[in-house]
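Top to bottom, those sequences are chains A and B. As numbered in my numbering, residues 4 to 168 make up the first sequence, in order. As numbered in my numbering, residues 19 to 795 make up the second sequence, in order.
Calculated from the structure, these hints are not laboratory results.
Result set (DMTMM-like, lysine to aspartate or glutamate): computed pairs, CA atoms no more than 25 angstroms apart in a straight line: (1) A:K7 / B:E136; (2) B:K721 / A:E134; (3) A:K7 / B:D137; (4) B:K539 / A:E90; (5) B:K620 / B:E592; (6) B:K721 / A:E131; (7) A:K7 / B:D131; (8) A:K7 / B:E130; (9) A:K7 / B:E140.
Just the calculated beta-carbon pair ranges, DEER-fashion: (10) B:R49 / A:G87: 30 to 40 angstroms; (11) B:R609 / A:R37: 41 to 51 angstroms; (12) B:G162 / A:E6: 50 to 60 angstroms; (13) B:D595 / A:G165: 39 to 49 angstroms.
What you are looking at is a predicted structure, and each value in this text was computed from that prediction instead of being measured. A virtual CB, placed ideally from N, CA and C, is assigned to each residue, including glycine.
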Amino acid sequence: MTEKLLISLTVNGERHDDLVVESRHTLVDVLRHRLGLTGTHAGCEHGVCGACTVLLDGAPARACLIFAAQAEGQEIRTVESLAGGGEMNDLQRAFSAHHALQCGFCTPGFLMLAEGFLTERPDATRAEIRELVSASLCRCTGYQTIVDAIEDCARGRRREVGEVR
Amino acid sequence: MSWVGRSAARREDPRLLTGNGRFVDDIRLPRMLHAQFVRSTIAHGTVTGVDLSGTLAVPGVVAAFTAGDLAVDDITAVLDRPLSEFVPTAMPVLARDRVRFVGEPIAIVLAEDPYSVEDGLEAVRVTYEAGMPVLSEEQALAPGAPLVHAAAAGNTLVDVSMFATEGIDDIFAAAHRVVYVRSRTGRQNAVPLETRGAVASWDPRAEQLLVQTCTQVPHQVRTVLAECLGLGERAVRVVVPDMGGGFGQKCVVGREEIAVGAAALRLRRPVKWIEDRRDALTASFLAREQRYDVRAAFDAGGRILALDADVVCDMGAYSCYPFTAGIEPLMASAELPGVYRVPAYRVRGRAVTTNKAPSAPYRGVSRPQIVMVMERVFERAARELGLDPVEIRRRNLITEFPYAGINDVTYDPGSYLESLNLCEQMIREEGWYERQEQAAAEGRFLGIGYSCFSERTGYGSGAFAKRKMAVVPGFDLAEITMDLTGGVTVTTGTMSHGQSHETTLAQIVADRLGLDLAQIKIHQGDTDRITYGFGTFASRSATIGGSAVARAATKLADRLLRLGAYLLETDDVELHDGHVRRRDDHGRALRYRDLAGIAYLKANLLPKDAEPGLTASASFDVHGDGTFSNAAHGAVVELHPGTGRVEFLRYVCVEDCGVAINPQVVEGQCRGGIAQGIAGALFEEVTYDAQGEPSCASFIDYKVPTANEIPDIEIRHLETPCAFTESGAKGAGEGGTIGAPAAVLNAVNDALRPTGVELDDTPIRPETVQRAIGANA
Ligand code: FES
Ligand code: FES
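Generate the whole structure from the sequences, applying the supplied hints.
Here it is as C-alpha cells:
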C-alpha cells in the first residue's frame, strides 16, 4: 500500500546506494534508523523544535519535514561530520567551553544550524545569532550559553581569516 | 587546587557533541518490534468495545493487546494516611472499562516498524459510552459532580489540614490589616525535549527482563515492573541510557513502561516505544494547576502576624507512583511560609481528581506557586500599608539560623537578606529606577519586580516520612572500585539527565583521592550495578548522592592509606597525586596502580586482616529537615500596549546553593530553571475544550519559549555552606524555576501600577496585559 522506492543518499561525503525506502519515510528516520546515524535527533517530528536539523547542500534543514527521497542528489551533512580525526571542531569546543548543552538532546540540531549559518555569516552580530538560535528549542539551557558559544566560535573564525573586529 | 569549586569541563560533552550519545530511541535490537498505544478519545466514560481485528490485518502489525490480554496488575501509589486524608486509586496499565482522560492508553499495538504501527492504530475501532467530564477544580468540588473515581467522594484524593496555630482567628480579628491573595496557575507540561520512551527485551540467558528506559528513577521503575508483572526484582533490570531531560516528568513510573515490558515478555521479542510529541503533550504527566486563597494579617509596621491558606491542586486523573496526588498539596502546605517569619499559620491542602492527564512532580513542585503567592502577599501588603516592597520583605525575612518555622520545618543557615539586598543593589546601581521614572513620564510601562525565596533540597527519609509516603525516598548509595590501572569506577543511585553528574560527582571523588577527572568513571542508571537508589529529583543528587559518593571515596582512601602504611612500613602516610607516600620521606611512595596490583594480583602480600580488592561503599541520608538553598531574583520588564508583550530589559539572580561544586554547572541550572519559570509565567498552559479534549497537541499550540523570549541572565553567587552535606553543597536544580514566576509577575504588576490593575494569576497572557493597559489608556 505504501510505495517503495530505491534511492541513494550522500551523507557526510559517503554514498549510500540501493536504499529501499517507502515514499513516506522521513529523512530523519532514514538517517537514524537505516544508516545508524543517531546523532541527529527527533524532538517533535513537526518542524518546530529543530533537533533534527541537518545541512542540505550546506543549508540548515529540518530532517523531519523532508522525505528521504527528496534528499536524493543533495549533499547531506549531519553532526557526525563535524569532528575530524577524533578532534572536535571549534564550534563543538565552544559549546563545551560555554556550557551550551546540558542533556545534549537539542545540541546536534543547534550545532548544524550554527555551522550552516556561520559559513554564510561569520560576521553575524550577537542579536543576529540570538535570532538564529530562536529557530530551535532547548529546554535545558535558557539559550544564553548557546548564543555565547556561537558568538565565540564566530569571533574565532573571523580572527582566523584575519578580520579583527 | 581542589576540584570542587572549579568549572571543570564536562565529561559528558564530547560524546553528546559528536553525535555519540546514546538515547533510548538510538537503541536497536535484533527482531525489535515497535509499539504505540491506542488512546482514549473521550475524557470520561466507559469503553464498550475494542475491535483490533482491522489492526491485526494491517501489514507489519504483529500483535495488539488490551488490558484483558495482558492481565497485569495496576500501579497503585499510596500514602500512610487515613482515608479522611488520602484516597488511594489504582492506575491500570491499560484502561479496562473506565477511561478518565483523553489520551489514556487502552491497547498496545506492535509492529515490525514504526510506520506500520501508525497504520495499525488507524485501524482500531473503539466504542465508548461517554460520561460527563470533570474538567476543573470547581467542577470537581461542585456538589453532585460526577465522580472520576468511585472511591473518591467529592473528587478529592487528598485533604489535609495542618498547623492551625492556636488563637489564629483572634490574630486575624485584631490585626491592623488583612491582605487577600487569590491566585491561579495554569496546567503545564515539563517538556523534556526527548519524550518518554523504553525498549524492553527478555534476556533468556540472564533470565531477566531488561528495560532500557529514560527515567529519573530506575529502581522505582524496577520495583513497579516486578510488582505489576509478578516477577522477582532480580528478574528485572532497568538500564537508563543518555537522557534528554526529565524535569520531573520522568521521575514517576509510566504505565507505558510497564506495558512494553509485559508485551516483550509475552512475545519474547524486544519492544520499543517512543512517545510522539502529541502524546507527550497531551497524555503523559502534567503539573502545576493550582488555586490559592490566602489571607495574611499584618501589623501597622508591615510585619506579618498570621497566614491562612486554602490550596487546591488539580491533579488530573490518577495518583502518580511513588509520590501520589499528594505531591503538590503536601509540598505547598508544608512550605508556604517560605523565607518569612510567620508566627501563626493554618493551611488546608487538597488534591482533586479531574478528567485530564495526571500530574507528576515538575521542577520546583508547588514552590513556584507558593513563592509567587507569598511574594504577592508582601507586594500587596506594601501597597496597602504604603511601604516599599523590598523594605517590607526585609522586615519579615528570617535572619537568624537555625530557624524553627511555624510549619514544623527547621531552616539551616542561608543568606536571605543578603541576597535580596545585593539583588536590589544591582538593579538600583544600574539605574533602572531612574529609567522607570523616565519611562513613566513618556507614558511607557516599565516595571521592576523581585522574588526572594529559599528552596528545601536534600530531602532525606526524615522529610519524606513526615509527608507520610508509603515509599519513603531519602537515602542513596554509592560504590567505588579502584581498578588495576589505578583509576576508579563510582556507581551511584542518582540519575543525571542533564545535570552533569558525571562531572560533578567525579570532582568530589577527585579531591578525596587525589585523582584527575579522567581517571574517574561515574556509572549510573543500572539497577544491576547498585543495590538501590532513588534517582534524581528534588535537587537531591549533589546533596545526598554527592555525599554518599564522597563517603565511599573517603572509605577507599582509608583503605589505600592503610595498605600503603603497611607496605611502606610506617603509620604516617598521605595520599598525593595518585600515590600513597610517607609524610617524612616523599620519595618513598607507591602508585595507586602498584597498590591495586597487590590488592588484586598479589593478595598474598596483603596484611592478614585485609580483604583483597579495592572496593568501598557508603550511604547517605538526611534525617533532619534538609538544607535550604536560597536566591533573590530581580526582573525589569516593559509592557507593550499594542501587542501585550512582556519584554525583559534585565534579569538578575543572586543565588546561594552553598558550596558550588562546579559554578558553571550551577549557573546552567539557574538559567535553564529561570527559562522554565518564565515559560510558566508568560507562555505555557495546557488547556482543554468543553469536552476535555486538550487544545495543545503540538509545539504550535503549546508555546515553549525560544531565545527570542528568554533574556540573558546575570548571576551572582553567595555561599553559605551546608553543614551536613559532605561537600557543603545544597541543591541547585530547581531554584531558577521557583523564583522566576514571582519576579516576573511582580515586575508586570509594577509596570501596571499606573493602571491600578493587579494580576495574581499565571500565565500572564498578552490579552490580559492589553486589557489592563487598554482599560486605563
Ligand atoms: S524533530 Fe524536526 S523540528 Fe522537531
Ligand atoms: S540541552 Fe537539553 S534540550 Fe537543550
